[in-house]
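Trainee: With chain A fixed as given, assemble chain B onto it according to the hints.
Protein chains: 2
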Amino acid sequence: MWHTLKYLLIGPPLPTRELEGKRLNKIRALAAFSPDALSSIAYANQEIYLGLVVAGSAGLALTMPIGVAITLLLVLVAFSYFQTIHAYPSGGGSYIVALENLGTLPGLVAGAALMIGYLLTAAVSLTAAVAAIASAFPVLWPYRVPLALLFLMIITLANLRGIRESGTLMAVPVYFFVVTYLGMLAYGALRLLIEGPGVPTLPAPPPRVPLSLGLILNAFASGCTALTGIEAISNGVPVFRPPESKNAGQTLLVMALLMGLLFVGSVGLTQEFSVVADGEETILSALAHRILGNSLAYYIIQLATMLILTVAANTSFAGFPRLTAVLAEAGFVPRQLRNLGERLVYTNGIMLLALATGLLIVLFGGDTHALVPLFAVGVFSAFTLSQAGMVVHWWRERGAGWLWKLVLNGIGALATGLTVLIVGVSKFVAGAWITIVLVPLLVVMFLRIRQYYKEVREQLSLREYPPMTKIPSAPRIVIPISGVHRGIFDAVAYARSISQDVTAVYVAIDPEQATHTRETWERWFPDVPLVIVPSPYRAVLKPLLDYLDQTDQEHNDGQLATVVVPELVPPRWWQGVFHNQTALLLKAALLYRRRRLGYQRAIIDVPYHLRSGSQPPAQAD
Amino acid sequence: MWHTLKYLLIGPPLPTRELEGKRLNKIRALAAFSPDALSSIAYANQEIYLGLVVAGSAGLALTMPIGVAITLLLVLVAFSYFQTIHAYPSGGGSYIVALENLGTLPGLVAGAALMIGYLLTAAVSLTAAVAAIASAFPVLWPYRVPLALLFLMIITLANLRGIRESGTLMAVPVYFFVVTYLGMLAYGALRLLIEGPGVPTLPAPPPRVPLSLGLILNAFASGCTALTGIEAISNGVPVFRPPESKNAGQTLLVMALLMGLLFVGSVGLTQEFSVVADGEETILSALAHRILGNSLAYYIIQLATMLILTVAANTSFAGFPRLTAVLAEAGFVPRQLRNLGERLVYTNGIMLLALATGLLIVLFGGDTHALVPLFAVGVFSAFTLSQAGMVVHWWRERGAGWLWKLVLNGIGALATGLTVLIVGVSKFVAGAWITIVLVPLLVVMFLRIRQYYKEVREQLSLREYPPMTKIPSAPRIVIPISGVHRGIFDAVAYARSISQDVTAVYVAIDPEQATHTRETWERWFPDVPLVIVPSPYRAVLKPLLDYLDQTDQEHNDGQLATVVVPELVPPRWWQGVFHNQTALLLKAALLYRRRRLGYQRAIIDVPYHLRSGSQPPAQAD
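Going down the list, the sequences are from chains A and B. Numbering of the first sequence is given in the numbering used here, commencing with residue 1 and proceeding in unit increments. Numbering of the second sequence is given in the numbering used here, commencing with residue 1001 and proceeding in unit increments.
Chain A on its own, in the form it takes in the complex (with noise of 0.2 angstroms):
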């Protein structure tokens, strides 16, 4: 059954020989790479207006500019790395940039922001999107968290597919909103043109704090993330048409055109309008609700909001597997993230994206306010980490206009450091200070984990290794018993197989009961020796493990017991919850006991399966 379901949602292994790429033309590009930059002002108009509502109509007229130093920034941003576009034609993510032009630290300082940068594109995307679709249905509202886990599971369910992320099903997302949203501003702006901007249906909420430099660089830090998502294209120049270099440039400048015009066009007709929105909707949707009203058009705005920052959310999936899969190519992740599954795709890195995201999620509640203090510090970092690693491409290679180059670079940096710094001090407290934390434990994690591969290749080698001479003798065997019934009768018959020398043991909780196990024991099992082990702490496998230590010291003959486990096997795996599991925690406890001795001990284990109740009963073996 879970083969078949398995089969149904993942679909059928994948031979290796069907790994390659398809290259795209500009349109299709523009929709595989965009939807995480375009969908950015979902949150980013949102969390400037959380910034300055909290000082009342003043904090509010400040939205406008904003906006516009917002968009500035975007401008220079663009610009940097359309230059990077053309000098890493075969992609120039900020870790490889970084890696190669300032060296093996600041390019794991870059890998290690950029992971948390794709988690959290997923996370607050996913809470956006659930926003988006509860502020038009707020019957929903409750349900934030189980819903953004129910898109996440889709979305990695469709991932574990193999989705690409170029398909056409991604297009249409992306297309629609761009037109239906820009269509929206459109009317707004004729609207406003016409009618004048008309009486707010909120009233501005009394200030509560005045205005201060404080929360208008908090809101300019809030607003940056609508930036997020425009470092994509950098990464994947190979998959465009060639001339590659030229088409990914011209794809970048029309996509920060789009992001310009969607970002300043909602920022200026909110502050236009004096939109204002409560507690359970988001600003966009109060903006949608003032230009279309209840209408039918403005659920159509919400769903194709809602589907383009779910598509955005599908391009960490894309991007972070890809990742990790280089990290652990250079062993600096564990290793299986670079396994490719049976699809296809790296499926322990999207696991593991799957896991962080819905942890997230769940951490904060599903509310993308909470968790986008964590968000700008990181992208930032990336930015100006790849920015500067482009100051020193150009100042190595020095071509022709190498200069000019440099310094829109060297700008880039600077305004992008300053950016960080402005976001780090004062998102510290909110939530800043969690990135700020987590990239250096995780650069110090890469380099531990490659010296951990490095100690496990050592021991592993066969070099100066002697060939194997002698054959041990039998093992000596015990068996503990939880009781004497059918389903240890396999397992001292299979120990008997292999050894003469054989003991139970059994662990006495209860000293009645433990008379009544040798009664039982001795009518079934006359040539076998039983040990019963008193337990006054009612505790099981500690005299276990005390008894073997103890015969082993005794024995001193060159080996450790091999211990022989009867288990029970349920008839369906989940059954287990309904036994002790004493069976999976002894081998557990075995398994992870240090070597003593000098020695390991092999650990067997007898499965006994349960039938369930309507299946005809087994032979007795």
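The reader is advised that the hints may include incorrect statements.
[Claimed, not checked] Here are the simulated DSSO-like cross-link-like pairs (lysine-lysine), alpha carbons at most 27 angstroms apart as the crow flies:
{"no.": "1", "chain 1": "B", "residue 1": "1587", "chain 2": "A", "residue 2": "587"}
{"no.": "2", "chain 1": "A", "residue 1": "542", "chain 2": "B", "residue 2": "1405"}
{"no.": "3", "chain 1": "B", "residue 1": "1026", "chain 2": "A", "residue 2": "587"}
{"no.": "4", "chain 1": "B", "residue 1": "1405", "chain 2": "B", "residue 2": "1026"}
{"no.": "5", "chain 1": "A", "residue 1": "26", "chain 2": "A", "residue 2": "246"}
{"no.": "6", "chain 1": "A", "residue 1": "405", "chain 2": "A", "residue 2": "26"}
{"no.": "7", "chain 1": "A", "residue 1": "542", "chain 2": "A", "residue 2": "587"}
{"no.": "8", "chain 1": "B", "residue 1": "1454", "chain 2": "B", "residue 2": "1246"}
{"no.": "9", "chain 1": "B", "residue 1": "1470", "chain 2": "B", "residue 2": "1246"}
[Said to hold, decoys possible] In silico contact screen, one side only, chain A against chain B (beta carbon under 10 angstroms); selected entries:
{"no.": "10", "residue": "12"}
{"no.": "11", "residue": "14"}
{"no.": "12", "residue": "143"}
{"no.": "13", "residue": "149"}
{"no.": "14", "residue": "278"}
{"no.": "15", "residue": "587"}
{"no.": "16", "residue": "612"}
[What the hints assert, rightly or not] Over 10 angstroms on every C-beta distance to chain A, these chain B residues come out as not near it, computed from the model:
{"no.": "17", "residue": "1162"}
{"no.": "18", "residue": "1363"}
{"no.": "19", "residue": "1456"}
Simulated from the structure, these hints should not be mistaken for laboratory data. Just so you know, even glycine gets a beta-carbon here, dropped at the ideal spot from N, CA and C.
Mentor: Chain B alone, transformed into the frame defined by chain A:
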């Protein structure tokens, strides 16, 4: 290190003989049983407020009438339970009363409703505790989920250690809350009399929906959570000093009086002062602010509220494991729930409650308001079944004054039953449906679990089972290898020590590596055959299992090949994430494969322990 940590957190194991009860005087008993009941005013008030505020000041004007209706219900339920206490001096929880008087099915329904009730008491109390403290310190507001989980962890550890709910530690917060809160209410009432209501700090928000009967019933249904916890004393009559029933009854009446005072007092003052709260503050915090200003006294009140709510969550940790232990004894839930752990507490029950509560907190984003709709319907179902059981009880007994007692419990059953209806209907969409679906599911689960245990007992029985005669011949052995390295040498040696018939198998994802592996193998183990199995889809397990099935069928010698699994064991268990875990997956797959041909397959695990970098190299055994 793990053991030291466990010892520090949980404490040393306790011998079984220390299991005995201690009788409580009324002062201590009140502290032990009342936290849940007294603290429920915190969320009940909040819910009435949230239910009415959507209708603006017209809605809020109904706060007091609804409060009075709920208080009348409280009086009725209190007297009903007063009778239960005298009829069941050995403890009359809803499960017992329903089981004995109404039969198994109603008993299980009450049991399921109680389980859910305990769960929600823990989740609601913890999130409300966090809301109380985050109202005083708004910087904590975004971290409500992690904070609630932290509180949960502390309570869980304390209970695993074996905290006594009757201890002084628990009594302090209860009386601290009662004294400070009643003091605040008295001071508020005094100011109201002298100064009059004054100007509200915030204006009532404009109505968003008109006042309707549905809205009023909805607010009533939310407020009924004020009664949760009132049944606690009836469970615990035997721990009172003799005369048990008399003392318990008096304590119940005092508790009900305190509940009524706290509830009516805070509801009344909220309405008289026209207190309004914004999104990031509870209404009780706003009330305390209104009465006490931003003084130290305000912070003390919030602290007291937080503490009693935390202690209230703790009472679930006393009740839930005891209930599941009773159900486990009867075989309705997994048996392990009846095991007394090292510290003489129901460790598994505590862990189950902790996990389920954590899940609830997480799924509902740490939001009390989202959890409350699930709450009352379960609690009032248990009330109703318990009262109905008492009606049957009086009818059967027909002692002195039985008719009056029957009528009182009958009215109680009707009133609480009606409340179940009101809550079920008005809160259905908001979340009551979850409880309504869950209770019958749990009951079905209880019955099926009992059936499962019956089947297992039959299958393990030795009746008519023939004694063991023949010893099987030495097993055929297959060793799957991941390559030729030091990690497999012990496994090959062990296999050869117990059998002559040993074959190694290598699954080839990359044909080149397969050739290399064969060459190395033949150099080190010239006399052991190696089979290479190709894997075009990059899977490891499937080709291996197919190979085993195929060779078992070919041999057809009355047994299945034993699989010897060479397993790399890293120095620390968590370093397992750096390895592929193929051994673990293989063992699990072999264990859970249904028996084929009527035989069982033994699995032998031969570990190879890796050293951490600093340890000296192991000998080659």
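Trainee: For the pair supplied as a hint, residue 542/A and residue 587/A, confirm whether the alpha-carbon distance does not exceed 27 angstroms.
Mentor: 13 angstroms, holds
Trainee: Per the stated criterion, does the least C-beta distance between residue 1162/B and chain A lie above 10 angstroms, as a non-interface residue requires?
Mentor: 13 angstroms, holds
Trainee: So, as I understand it, the hint says residue 149/A touches chain B; can you test that by seeing if any CB pair is closer than 10 angstroms?
Mentor: 8 angstroms, holds
Trainee: Could you check if residue 14/A really has its C-beta closer than 10 angstroms to a C-beta on chain B?
Mentor: Because about 7 angstroms separates residue 14/A from the closest Cβ in chain B, which is inside the 10 angstroms limit, the hint holds.
Trainee: Can the restraint linking residue 1405/B and residue 1026/B be considered satisfied, given a maximum Cα separation of 27 angstroms?
Mentor: 25 angstroms, holds
Trainee: Are residue 1454/B and residue 1246/B close enough, with their CA atoms no more than 27 angstroms apart?
Mentor: The hint is violated at about 42 angstroms.
Trainee: Quick check on the hint: residue 278/A CB to chain B CB, less than 10 angstroms?
Mentor: With a minimum Cβ separation of about 8 angstroms from chain B (threshold 10 angstroms), the hint on residue 278/A holds.
Trainee: Would you mind confirming whether the straight-line C-alpha gap from residue 542/A to residue 1405/B stays at or under 27 angstroms?
Mentor: Roughly 55 angstroms separates the two Cα atoms, so the pair is violated.
Trainee: Do the alpha carbons of residue 1587/B and residue 587/A lie within 27 angstroms of each other, as the hint requires?
Mentor: 11 angstroms, holds
Trainee: Taking 10 angstroms as the limit, does the beta-carbon of residue 612/A come near enough to a beta-carbon in chain B?
Mentor: Given a least distance of 8 angstroms, the restraint on residue 612/A holds.
Trainee: Would you mind confirming whether the straight-line C-alpha gap from residue 405/A to residue 26/A stays at or under 27 angstroms?
Mentor: Since the Cα atoms of residue 405/A and residue 26/A sit roughly 25 angstroms apart, the hinted pair holds (cutoff 27 angstroms).
Trainee: Measuring from the C-beta of residue 12/A to each C-beta in chain B, is the shortest one below 10 angstroms?
Mentor: Since chain B brings a Cβ to about 9 angstroms from residue 12/A, closer than 10 angstroms, the hint holds.
Taken one by one, the earlier hints fail for this structure at numbers 2, 3, 8, 9, 18, 19, listed in ascending order.
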